[in-house]
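> So the chains spell out like this:
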Amino acid sequence: MAQESLNLFSLLMSSLRVAVPLLFAAYGGLISERSGVIQIALEGFLLIGALTAAILAHYTGSPWLGVLAGACAGIFLAGVMGFFVLALKVDQIIAGTAINLLAFGTAPFVTKVLFDSTGSSPALPIESRFTVAPMFLAAALSVLMSYWFYQTRSGLVVQFAGEAPQALEVAGTSVLKTRWKSLLACGALAGIGGATLSTYLSSAYSPNMTGGRGFIALAALIFGRWKPLPTLLACFFFGFTDALQIRLQGVNSLIPVQFVQILPYLFTVIALAGFFGQSRAPKALGQTLNRG
Amino acid sequence: MKNSSAWCSILKSFFGFVVGLSLALTLTALAGENPLHVLVVLMRSSFGSSYDFGLVLFYTTSLVFTGLAVCLPFQAGLFNIGAEGQLTMGALTMAAVGILWPALAFPWAPLLAVLAGVFVAGLWGFIPGWLRASRGSHEVIVTMMFNFIAAGASSYFIVGALKSTDSQNPETASIGAGYLLKNIDPIHGLSPDSPFNSAFLIAILMSFITWLLLNKTVWGYELKAVGLSPEAASTAGINAKKYRILSMILAGGFAGLVGLNEILGSAGKFRLGFSPDYGFMGIAVALLARNNPLGIIFSAFLFGALQKGATDLDLETATITRDFAKILQAIIILSVAGFYAAKFLDSSSENSSVLKVSILTRIKKWLKKA
Chain A
1 MAQESLNLFS
11 LLMSSLRVAV
21 PLLFAAYGGL
31 ISERSGVIQI
41 ALEGFLLIGA
51 LTAAILAHYT
61 GSPWLGVLAG
71 ACAGIFLAGV
81 MGFFVLALKV
91 DQIIAGTAIN
101 LLAFGTAPFV
111 TKVLFDSTGS
121 SPALPIESRF
131 TVAPMFLAAA
141 LSVLMSYWFY
151 QTRSGLVVQF
161 AGEAPQALEV
171 AGTSVLKTRW
181 KSLLACGALA
191 GIGGATLSTY
201 LSSAYSPNMT
211 GGRGFIALAA
221 LIFGRWKPLP
231 TLLACFFFGF
241 TDALQIRLQG
251 VNSLIPVQFV
261 QILPYLFTVI
271 ALAGFFGQSR
281 APKALGQTLN
291 RG
Chain B
1 MKNSSAWCSI
11 LKSFFGFVVG
21 LSLALTLTAL
31 AGENPLHVLV
41 VLMRSSFGSS
51 YDFGLVLFYT
61 TSLVFTGLAV
71 CLPFQAGLFN
81 IGAEGQLTMG
91 ALTMAAVGIL
101 WPALAFPWAP
111 LLAVLAGVFV
121 AGLWGFIPGW
131 LRASRGSHEV
141 IVTMMFNFIA
151 AGASSYFIVG
161 ALKSTDSQNP
171 ETASIGAGYL
181 LKNIDPIHGL
191 SPDSPFNSAF
201 LIAILMSFIT
211 WLLLNKTVWG
221 YELKAVGLSP
231 EAASTAGINA
241 KKYRILSMIL
251 AGGFAGLVGL
261 NEILGSAGKF
271 RLGFSPDYGF
281 MGIAVALLAR
291 NNPLGIIFSA
301 FLFGALQKGA
311 TDLDLETATI
321 TRDFAKILQA
331 IIILSVAGFY
341 AAKFLDSSSE
351 NSSVLKVSIL
361 TRIKKWLKKA
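Respectively, the protein sequence lines represent chains A and B. The opening position of the first sequence corresponds to residue 1 in the working numbering, with each subsequent residue numbered one higher. The opening position of the second sequence corresponds to residue 1 in the working numbering, with each subsequent residue numbered one higher.
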């Protein structure tokens with residue numbers, strides 16, 4: 001009995017841990033999507049954030065500099081995406097797909113040049129890794145996010161950019177600038193999320209270490225109906241399924257591990273089909289604003 | 001007018017491709033490689049021998065199928081990024097049929113497998129299409145989720161019911177000999193050591209059929225009308241939902257035919273990770289071809305050659321890995337899409353006609369002053 005409750009406790013703790021990168025990415029995606037920019041490139045931002053953070057932490061010995069670098073790398077990649085979707089008005093889904101490909105093509109190239117290995121970065125010693133700090137960062141972020149999104153002017157501006165861009169323009173605020181800021185903020189947050197993958201959840205960058213977490217984060221924000229608090233809960237829930245499937249690997253259990261792995265995707269489809277109550281995307285999601 | 005815009009598209013695709021390729025090659029210089037040498041390796045590895053060329057055509061075959069799977073829903077106004085999941089389900093079903101009834105004889109065996117595979121893959125396209133039409137669920141997200149669900153299903157069956165007993169690799173058992181296209185293959189002999197097979201002919205045939213369907217039938221006309229404006233099409237009495245669902249079913253079926261090339265045509269089993277993301281490459285293929293089914297043959301060939309070339313770069317250069325194919329694809333996608341979006345070279349676009357009018361009025365004013 002004591003053994004079992006201990007097991008459950010450690011399962012819940014590891015759920016919280018693996019929810020951290022999800023939460024950063026999902027909040028990033030939420031800001032981007034609520035401002036009107038479809039965000040399917042979270043996977044790429046996470047990967048590039050994880051790689052950059054591992055490199056910086058390796059050379060400087062500081063995980064905080066790693067997080068900073070991860071954020072910068074995310075901002076840079078989001079900037080590339082912004083150039084195409086906001087300046088040139090390329091289709092957002094096409095551009096997002098390309099950004100993911102770019103990240104997944106560039107990462108092995110960089111590790112090969114820097115470390116002469118096609119995969120991982122060198123393992124980080126314990127003092128260049130995080131122990132608990134990212135968990136507190138994530139908690140602080142979720143409080144801040146709910147406040148900022150509903151209670152501040154800039155949060156409302158982001159909502160308007162995705163719901164009623166024309167109205168925002170009439171009110172004298174540039175939709176384009178709002179979307180630029182939101183997209184870059186998304187890159188920063190997802191980059192930090194990636195940094196926690198390589199400096200908090202593990203001790204190095206390894207190839208494809210995101211393993212679809214960017215898409216799970218997207219699923220979480222959709223499952224959370226594009227709202228901060230439900231998105232937080234969705235991240236916990238998907239974190240739990242992730243922790244559970246890690247626990248079930250190699251164990252002969254009644255439930256196949258693959259079934260647990262696909263649960264987040266299954267739930268998201270069911271939510272999108274409107275079976276858990278209405279789930280509505282921002283009205284102007286994916287639309288470019290043509291002025292004049 | 002129609003003709004000149006077609007030429008415009010071809011020019012833009014061409015420029016987009018060349019600029020993208022050059023940019024990606026320049027990137028290799030940063031890693032200390034000679035971009036020209038990289039280009040030479042890319043070319044040699046695609047066209048150097050009949051084996052190499054056979055492999056390029058093998059990739060081309062799968063890419064034609066996934067290109068069509070993206071193109072058709074696009075014409076109906078939907079974005080199918082689920083070709084990867086659809087092809088996984090199709091290939092998995094073909095392998096399952098071939099393993100469950102190994103004794104079936106030649107002409108009927110592959111026919112049954114293909115029908116079953118296309119049916120299941122079509123179902124994998126139908127569900128997102130139906131959810132979109134009846135419940136308004138965004139097809140991009142649903143097809144993306146379906147990719148992951150398909151990946152989970154394939155890994156479940158590969159380690160479970162369809163497991164190979166005589167191999168440690170993550171792959172299914174082999175299908176019955178009667179299922180293999182090799183039983184009568186008129187073109188495999190052209191490149192006997194490569195996986196190139198007669199599925200290539202089916203791919204070309206499908207491109208032509210799709211082209212005819214879209215351009216020479218009422219069905220295709222109505223489908224494109226739905227893509228241009230679902231509201232206007234509905235007003236004109238066209239059942240937009242029906243066309244969107246149908247386009248997704250057909251797309252799933254096309255993607256499922258990748259299994260014909262991979263399972264029945266060459267490998268004879270389902271190997272985990274056999275697809276180098278054919279489904280996502282299909283987006284690039286359709287984009288470069290501007291969703292023209294005949295153009296897809298050419299753009300699939302170009303991306304097939306790049307895919308083959310990049311695997312050889314791994315061996316022939318110090319710093320470039322096979323993942324370079326992804327960089328190439330990404331930069332070419334962005335460059336081609338950028339060329340289209342920038343309305344550059346576009347004689348018929350709104351922007352330039354507005355520009356022309358304003359220039360004309362300015363000239364008139366200037367003349368009056370003079």
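Because the hints were derived from the structure by calculation, they are not lab data. Just so we're clear, the structure is a prediction, and the values are computed from it rather than from any experiment. Treat the hints with care, as some may be off.
Said to hold, decoys possible - With a straight-line cut-off of 30 Å between C-alpha atoms, the simulated BS3-like cross-links for lysine-lysine are:
(1) K283(A) - K182(B)
(2) K112(A) - K177(A)
(3) K89(A) - K241(B)
(4) K283(A) - K241(B)
(5) K283(A) - K227(A)
(6) K241(B) - K216(B)
(7) K283(A) - K224(B)
(8) K283(A) - K177(A)
(9) K89(A) - K224(B)
(10) K182(B) - K163(B)
> Next step is simple, just say for each hint if it's right about the structure.
Evaluated hints:
Straight-line distance between C-alpha atoms of K283(A) and K182(B) comes to about 53 Å, which puts the hinted pair past the 30 Å bound. Proximity of K112(A) to K177(A) is assessed by CA-CA distance (about 37 Å); at most 30 Å being required, the pair is judged violated. The straight-line distance between the Cα atoms of K89(A) and K241(B) is roughly 28 Å, inside the 30 Å bound, and the hint therefore holds. At most 30 Å may separate the alpha-carbon atoms for a hinted pair to count; K283(A) and K241(B) meet this at roughly 21 Å.
About 14 Å separates the Cα atoms of K283(A) and K227(A), which keeps this hinted pair within 30 Å; it holds. For the hint pairing K241(B) with K216(B), the CA-to-CA distance comes to about 22 Å; that is within 30 Å, so the pair holds. Simply put, K283(A) and K224(B) have alpha-carbon atoms about 25 Å apart, close enough for the 30 Å limit, and the pair holds. The hinted pair formed by K283(A) and K177(A) meets the criterion: a straight-line CA distance of about 18 Å does not exceed 30 Å.
The suggested pairing of K89(A) with K224(B) holds, with an alpha-carbon distance near 23 Å, which does not exceed 30 Å. Taken as a hint, the K182(B) and K163(B) pair is honoured in the structure, with Cα atoms around 24 Å apart against an allowance of 30 Å.
The structure fails hints 1, 2 (numbered hints given earlier, in ascending order).
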